[in-house]
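Colleague: Here is how the chains run, residue by residue.
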Amino acid sequence: MQDNQYHVTLTGKIADATNIEHASAQFARLFKTTPEVAMQTLQKGPVTIKRNVDQATAIKIRNVLDKLGIGCRILTADEADAEARAATQNLSVNNNTSVKKDSSSPISDTFESPTDHPGLQFKIEGKPDYSFVTVQLPANQTLKVEASAMATMDTHIEMKTKLKGGLGRFVTGESIFINEFTAAHGPGEIGIAPGAPGDMMHVYLNDEVLYLQNSAFVASAMSVNIETKWQGFTKGFFSGENLFLIRASGKGDLWFNSYGAIIEIDVQDNYVVDTGNIVAFTEHLDYKISKVGGYKSLFFSGEGFVCRFSGKGKVWIQTRGVDAFAWWAHAYRPARSSG
Amino acid sequence: MKTEIKGGRAFSYLDVELSPGERITAESDAMATMSADLDLNSRFNGGFFPALARHFLGGETLFINEFANNTKSTRQITLAQPTPGEIKAIELKGQTLYLQPGAFLACTEGIKVGVKWAGFVSWLAKEGLFKIVVKGNGTVWYGAFGALLEKQIDGEYIVDTSHLVAYEPTIKLKLQLAGGIFSSLFSGEGLVTRVVGKGKITIQTRSLSGLAGWINPKLP
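Top line first, the protein sequences correspond to chains C and G.
The first sequence begins at 723 in the numbering used here and counts up by one.
The second sequence begins at 30 in the numbering used here and counts up by one.
Computed beta-carbon distance windows for the label pairs: (1) Phe40/G - Gln858/C: 28 to 34 angstroms; (2) Trp146/G - Pro1056/C: 29 to 35 angstroms; (3) Trp952/C - Val225/G: 42 to 48 angstroms; (4) Val1014/C - Gly143/G: 57 to 63 angstroms.
Computed cross-link-like contacts, SDA-like style, restricted to lysine to any residue with a CA-CA straight-line distance of at most 25 angstroms: (5) Lys845/C - Gly36/G; (6) Lys229/G - Gly908/C; (7) Lys884/C - Ala241/G; (8) Lys845/C - Lys229/G; (9) Lys247/G - Ala1046/C; (10) Lys35/G - Glu138/G; (11) Lys122/G - Pro198/G; (12) Lys180/G - Thr837/C; (13) Lys973/C - Asp1008/C; (14) Lys229/G - Phe833/C; (15) Lys180/G - Leu842/C; (16) Lys145/G - Lys201/G; (17) Lys772/C - Arg784/C; (18) Lys31/G - Gln105/G; (19) Lys101/G - Ser48/G; (20) Lys884/C - Met944/C; (21) Lys247/G - Ser1012/C; (22) Lys247/G - Trp952/C; (23) Lys141/G - Met30/G; (24) Lys201/G - His907/C; (25) Lys973/C - Asn928/C; (26) Lys203/G - Asp876/C; (27) Lys203/G - Ala906/C; (28) Lys845/C - Ile985/C; (29) Lys229/G - Glu911/C; (30) Lys754/C - Val775/C.
Partial selection, computed: residues in chain C whose CB lies under 7 angstroms from chain G: (31) Asp851; (32) Ser870; (33) Ala873; (34) Met875; (35) Met881; (36) Gly917.
What the hints contain is simulated information worked out from the structure, not anything from laboratory work.
Built from N, CA and C at the ideal position, the CB exists for glycine as well.
Make a model of the complete structure from these sequences and hints.
Modeller: Given below as structure tokens:
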């Protein structure tokens, strides 16, 4: 191996005791750049800062960076190439391209929680058609999961069933039970598969409130409060299954799912969503149920009632409506006389 | 033979280009489109009596089809599975793989498709009385409902009934309650499968019972 084939790569991690301002100032002085650029470089994650130097120089640079508390690694050129290839491969797979070339290569449309994420570590696979979340539970932590949604788990995870779904879910045919899974004797993982074909979203609630459509709940941290809310007749009656909403509040992770893909919409002042397409919305949005046009269009346009959001906040909508699917499928179901 | 899995993971299908003299075996009714001059040969799924047993006890199809290209140039065939979901390919080099009933889609020559008594445990777990055994040298295509995730098992792991799609022979299945009696009755989890051993399993990210539980309350 030739001697000048070593790369020095920053890992993007800073030692706990290190002051980032101080470190970037020193870094800037060493590499003759501005502290602003230095700080960006330090926080960006894996980035190669020196290429094709000999081993002695590489070690010297590492020693200096070590003293500053800046994480770095020395790679040979071959290793660096391999890593870069791996990184681009990951990128191209995550790109959600519709046609997969190689029949044997795994199709991975995966979303992984960032490592600095304040909540639980998790991974959503199978996006967007059949999203499946795998949550890593630290020892003795508990996760609330929608009834019958657990698909896989470690053997030492214990399940308890709580009657917490509330009356609303009983009325609409959802399970009134919510299961609690605890990693009893050490960390473990649990895989959760919702029933509906579609996507899944993760939100970290920071003392916020989120309203979910009744069947959208997948799982949440214990610190998140899950309750059903009667919407009242004016707001709920015409919205069919959304007669009740799930109110999620507190601090922690929340996962919810949809039928179809999920679109996130930032509402500035007014936005209209078909009642069947609402998945979730933030608390500070006001909404009312109304018809789109006059009474004629109410009955003949096929649109029926819509939800008019106003204010500032976020709405998550699903690209398919459950009622529409139910009616579509119903026409082909074998007839059976009731009673 | 050139093959390609297309259609994304929601509605995967298999595109096959058969060179002269090549043949592919597919599950009955899997053929969606094909060149007009491919030869089709239906045969009993593993022999007459095993096929009957599987059909009536295991819910498998009675026949499987073999498509042969006896022309002088390449021909096309497209295979699709009944369930909305992903199709995966696996290369077998002499080893064996167990598939759940209904998961088998197609295989190349050199693969033997058989069935094996899976036991009452498997039946109680709603995985069927029989499991499909594929072995030999070649490629097997299989699929299920939802996306397919592979998982390396070393020790024990719990999989909800009806999420398991494929597993290696080194894996044993055991049935157990999901929790206590109350939990098992009301959690909606009921029975779960404990997979024990060292090897690879494939799970589907949706299940028919999950779909039914979601849509049934909403049906008119």
